[in-house]
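Asks: Below, each chain spelled out in residue letters.
2 protein chains.
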Amino acid sequence: MFKIPKHQVAGHQAIDGNLGPLVDDSGRFYKPLQDDERGTTELAFYQSFSSKLPHHIRGFFPVFYGTQLVEASDGSGLRPHLVLQDITSNPLNPSILDVKIGSRTWYPEASEDYIQKALEGDRLTTTVTLGFRISGLQIYESKESGYWKPARKEVKSFSADDVRLVLRKFVSSNLEREPDCCFASTTYGGRSGILEQLLELKVWFEDQTVYHFHSCSLLLLIDKESVLNGRTVPFVEVKLIDFAHTVEAEGVIDHNFLGGLCSFIKFVSEVLTDSKVSTIEASFN
Amino acid sequence: MFKIPKHQVAGHQAIDGNLGPLVDDSGRFYKPLQDDERGTTELAFYQSFSSKLPHHIRGFFPVFYGTQLVEASDGSGLRPHLVLQDITSNPLNPSILDVKIGSRTWYPEASEDYIQKALEGDRLTTTVTLGFRISGLQIYESKESGYWKPARKEVKSFSADDVRLVLRKFVSSNLEREPDCCFASTTYGGRSGILEQLLELKVWFEDQTVYHFHSCSLLLLIDKESVLNGRTVPFVEVKLIDFAHTVEAEGVIDHNFLGGLCSFIKFVSEVLTDSKVSTIEASFN
Chain A
2 MFKIPKHQVA GHQAIDGNLG PLVDDSGRFY KPLQDDERGT TELAFYQSFS SKLPHHIRGF
62 FPVFYGTQLV EASDGSGLRP HLVLQDITSN PLNPSILDVK IGSRTWYPEA SEDYIQKALE
122 GDRLTTTVTL GFRISGLQIY ESKESGYWKP ARKEVKSFSA DDVRLVLRKF VSSNLEREPD
182 CCFASTTYGG RSGILEQLLE LKVWFEDQTV YHFHSCSLLL LIDKESVLNG RTVPFVEVKL
242 IDFAHTVEAE GVIDHNFLGG LCSFIKFVSE VLTDSKVSTI EASFN
Chain B
2 MFKIPKHQVA GHQAIDGNLG PLVDDSGRFY KPLQDDERGT TELAFYQSFS SKLPHHIRGF
62 FPVFYGTQLV EASDGSGLRP HLVLQDITSN PLNPSILDVK IGSRTWYPEA SEDYIQKALE
122 GDRLTTTVTL GFRISGLQIY ESKESGYWKP ARKEVKSFSA DDVRLVLRKF VSSNLEREPD
182 CCFASTTYGG RSGILEQLLE LKVWFEDQTV YHFHSCSLLL LIDKESVLNG RTVPFVEVKL
242 IDFAHTVEAE GVIDHNFLGG LCSFIKFVSE VLTDSKVSTI EASFN
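Sequence lines, in order, name chains A and B. Residue numbers for the first sequence follow our numbering, beginning at 2 and rising by one. Residue numbers for the second sequence follow our numbering, beginning at 2 and rising by one.
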C-alpha cells in the first residue's frame, strides 16, 4: 500500500534501501521523522502552525494529519512518520520546481558544524548571490519525451542564467534553448497565478514575527496539460515545505526569507513581462 | 578653514593624528579617498550614481561635488578627498542614528580575508539576527545635558532589546529607561516622516537591479528642537552613506539590503504604533 513517490525532485529518496518518504493511494505523504533535533523541530512546527498562522496563509502549507508508525523504507522496521497531504497526487503530469529560499540557510542557534557546512553550500550555489537556489525540478514536456529532470549535481551548479532559463522552460511547451513561454500568462500570471500567490506570501512575510524559516523550500507545481485542456482554473500551486530548521522569530521578521522571496518574485515577473512583450511582438508580425 | 566634523557618529575620525573626514563652513564634507580598491569603488559610485538612479531616489544620497586635493588630517600632506554635502550642517542639535543595513556585510567578490572578518562582525552584532546593526548614534537631550553618545564598544554589543530602546529614545524628550516617544508621530510618522521615506526606498529596492550596497549605512537625522519650535516641517532626513563596497547588481535585486531594510522598517513602525496607543491611553486618563 505504501509506495515510493513518483514526483519527488529533492531531498532524501526511499530508493536503494535508503530512508525516504512514502505515499499511499489516498493522497497522503509519509515523511520519516528524523531522530535528532531536526525531527523534533519539524514535528513541533506541524503541531503548532495552524493555530499560529492567519487563515489565508495556511493554504500555503501541506495539510498535517498527525504522526503514524510506518515500516521505514530502509527496512529498519517501524518508525514514526509525519502524515502530510501528498501535494503531487492530483495533477496528472506535474512540473515541479523546488526553490530553497533565503541567502543564508544557516542560523545562529545551529551547531558550528552545521553553520560551516551550510555556509559552504550557500557560497557554492546561487543562495548568496540570488537569495535562493533551485534544489530540484522536473518539467513535463510530452507523452513521448516525458519529463526533463536534471541530475542533482547539475542543479547544484546552476548559475543565475541557468535559473532564468529554467524559469522559462517551466512554462514552455518546448524545452529547447529558446523556450516559447506559452504558459507564462496562465501559470505565472492571472488572478490566482504563481506571481499573485508569491505576492500574497510576501505581504505576510513583511509583517509576520512568528517563524524564521531556514532552509525551507518553496514548491511550485503546475500541470501544463490542465491549461491545454482548457480547464477554467489551471492547476497551479505554491507550497512551503521542509521545516526541520524553522525556529521562533522572537519579534523579528524573517528578513532572510523575505529578501530571497522578493528576489525570486523579480525573476518570475521578468519571465512574465518578457513573454507579454513577445506576444505583442508576435501579434504585429 | 577645514575642521573636524562635530556630529560624526561612526567611521574613522580625524582626531589624534588619524586620517578622517573634514568639513568647512560652506556645508561641504571632505572624505579622504582610500588608496585601495575601496577608494576606487566609492569614487566610481559617486561619479555614476546620479545618472543611474531615478530622480526621486537621488535625494537619499549626499550631493557629490567632485574630488579635491586637501591637506590630510593625519599630517601626511595633500591627498584626494571626495567633496560631499555635509548633511549635518543644517540642524542645530542633530540626533543621528547610523544603521548598517543587511544581514551580510560581505560579498562573494571580496577577498577571503575580508569575508571572514566581516562574517565574524556580522555574527557578533545584530547584523545576522536583525538584518541590520546600529553602528553609531548621538541623541540630543537638552541644553544642560547635551548629547547621549554611547561608546563604540557599547554600540557594538547592542542586543535586539537595546535596539528597540534606542529607537524609542531617539524620538523622546527624556533618555530614561521609559522614554516618552513624544516626537514619534512628528518624526517617524507624518507624510514626509522617516517611515514614509523608508517605504519609498523599499519600493525602489524591490525593483532596482543597478547596485548592491554592501556594508552601506542608512543615516537617520532629526532635530527635535525644530519640532518643539513648531516648525511646520520638522527637520527629518534619511540618507544613505558609505559606498566603498557597492558593486554592480548584474540583474539581481539587492535582496540583502531589502531584507534588512524591511526588518528595520518593522522596528520603526512598532515604535510608532506603540506611541499612538500610549497617546490614546493617556487621553482616556
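These are calculated hints, taken from the structure and not from any lab test. Nothing here was measured: the structure is a model prediction, and the numbers come from that model. Misleading hints may appear alongside valid ones.
Which copy is meant is left open, because identical chains are indistinguishable; a pair holds if it fits in one copy or across any two.
[Stated by the list, open to error] The list that follows gives simulated cross-link-like pairs (lysine-lysine, BS3-like), each with its CA atoms no further than 30 Å apart: (1) Lys4 - Lys240; (2) Lys144 - Lys53; (3) Lys53 - Lys157; (4) Lys277 - Lys53; (5) Lys203 - Lys240; (6) Lys118 - Lys157; (7) Lys203 - Lys144; (8) Lys53 - Lys150; (9) Lys4 - Lys53; (10) Lys4 - Lys277; (11) Lys203 - Lys277; (12) Lys53 - Lys203; (13) Lys118 - Lys144; (14) Lys4 - Lys150; (15) Lys118 - Lys4.
Asks: How do Lys118 and Lys4 come out at 30 Å by Cα distance, when the copy is not named: within, between, both, or neither?
Replies: For Lys118 and Lys4, the Cα distance exceeds 30 Å both inside one copy (32 Å) and across copies (49 Å).
Asks: If the cutoff is 30 Å on CA atoms, where do Lys118 and Lys144 land: within, between, both or neither? Let me know, please.
Replies: neither (40 Å within a copy, 54 Å between copies)
Asks: Could you place Lys4 and Lys240 in one of the four classes (within, between, both, neither) given a Cα distance threshold of 30 Å?
Replies: Within one copy only: 22 Å inside a chain, 58 Å across chains, cut-off 30 Å.
Asks: For Lys203 and Lys277, with the copy left unspecified, which applies at a CA distance of at most 30 Å: within, between, both, or neither?
Replies: This pair counts as both: shortest intra-copy Cα distance 23 Å, inter-copy 26 Å.
Asks: At 30 Å max between alpha carbons, let me know whether Lys53 reaches Lys203 within a copy, between copies, both or neither.
Replies: both (17 Å within a copy, 27 Å between copies)
Asks: First find the shortest C-alpha distance between Lys53 and Lys157 inside one copy, then the shortest across copies, and answer within, between, both or neither for a cut-off of 30 Å.
Replies: neither (34 Å within a copy, 34 Å between copies)
Asks: Using 30 Å as the alpha-carbon threshold, which applies to Lys4 and Lys277: within, between, both, or neither?
Replies: neither (41 Å within a copy, 57 Å between copies)
Asks: Checking Lys203 and Lys240: alpha-carbon separation at most 30 Å within a copy, between copies, both or neither?
Replies: both (13 Å within a copy, 26 Å between copies)
Asks: With 30 Å as the alpha-carbon cut-off, assign the pair Lys144 and Lys53 to within, between, both or neither.
Replies: For Lys144 and Lys53, neither the intra-copy (43 Å) nor the inter-copy (49 Å) Cα distance is at most 30 Å.
Asks: Since the copies are identical, ignore which copy is meant and state whether Lys4 and Lys53 lie within 30 Å (CA to CA) inside a copy, between copies, both or neither.
Replies: Result: close neither inside a copy nor across copies, 32 Å intra and 56 Å inter.
Asks: If the cut is 30 Å between Cα atoms, do Lys277 and Lys53 qualify within a copy, between copies, both or neither?
Replies: between (39 Å within a copy, 26 Å between copies)
Asks: As a check of your reading, is Lys53 near Lys150 (CA-CA no more than 30 Å) within one copy, between copies, both or neither?
Replies: Neither way: Lys53 and Lys150 sit 36 Å apart in one copy and 40 Å across, limit 30 Å.
In the structure shown, a violation is registered for the earlier hints numbered 2, 3, 7, 8, 9, 10, 13 and 15, in ascending order.
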